[in-house]
Amino acid sequence: MIRRLLLWLPFALGAVLFAAFWAGLHHPDDHVIASKMVGQALPDFETRTAMQGQGAPRAAQFHGGKPRLLNVFASWCVPCAQEGQMLMRLKAAGAQIDGVAVHDTQADLARFLAENGNPYASVGLDIDGRAQMALGSTGVPETFVVDGQGRIVHQQIGAVTEADMPTLLAKLGIRP
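The sequence shown begins at 3 in my numbering and counts up by one.
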């Protein structure tokens, strides 16, 4: 009897460990990392002009009294293309959106905007990623809501989705 128990003990222990591992994979702790940028003044950043006839976005533009969005994106970013439709809807609702294209070229950016729409009032090229680092952005896409005094009031990490629209519109003071 004891011998039979000892024979099955490793299998039972393995099954328990596997079950615990499986549960951890399918029910991870939901940790949200709060941005340290929210509540802070939009830092100074520099980008190169990306589109002829448009200036590159600058921090000073965000002190005009009206909330604006600053979208950090890239032409090579699949989620950035996917959020394009949501950004176009925000623009149609009255949102002022400026963009920072990270690690991109003018040709790739022009093709990306032609394919996905151009919701931006201005777009700057951040070829070396310095503007992205200054903004505290850790990846693409990221969208910042900046109040009319140049203070970041919301940071959207990841693509803007349908579920995010009410929050972004409210932060911008736009009624749906």
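Please note: incorrect hints may appear among the correct ones.
Claimed, not checked - Each pair of labels, with its calculated beta carbon distance range:
id, residue 1, residue 2, range
1, Val-18, Ala-116, 48 to 58 Å
2, Ile-176, Pro-45, 21 to 31 Å
3, Pro-178, Thr-107, 35 to 45 Å
Quick caveat, the hints were computed from the structure, so don't treat them as lab data. Ideal Cβ placement from N, Cα and C applies to all residues, glycine included.
Against the structure, the hints:
{"no.": "1", "hint": "Val-18 to Ala-116: 48 to 58 Å", "verdict": "56 Å, holds"}
{"no.": "2", "hint": "Ile-176 to Pro-45: 21 to 31 Å", "verdict": "25 Å, holds"}
{"no.": "3", "hint": "Pro-178 to Thr-107: 35 to 45 Å", "verdict": "36 Å, holds"}
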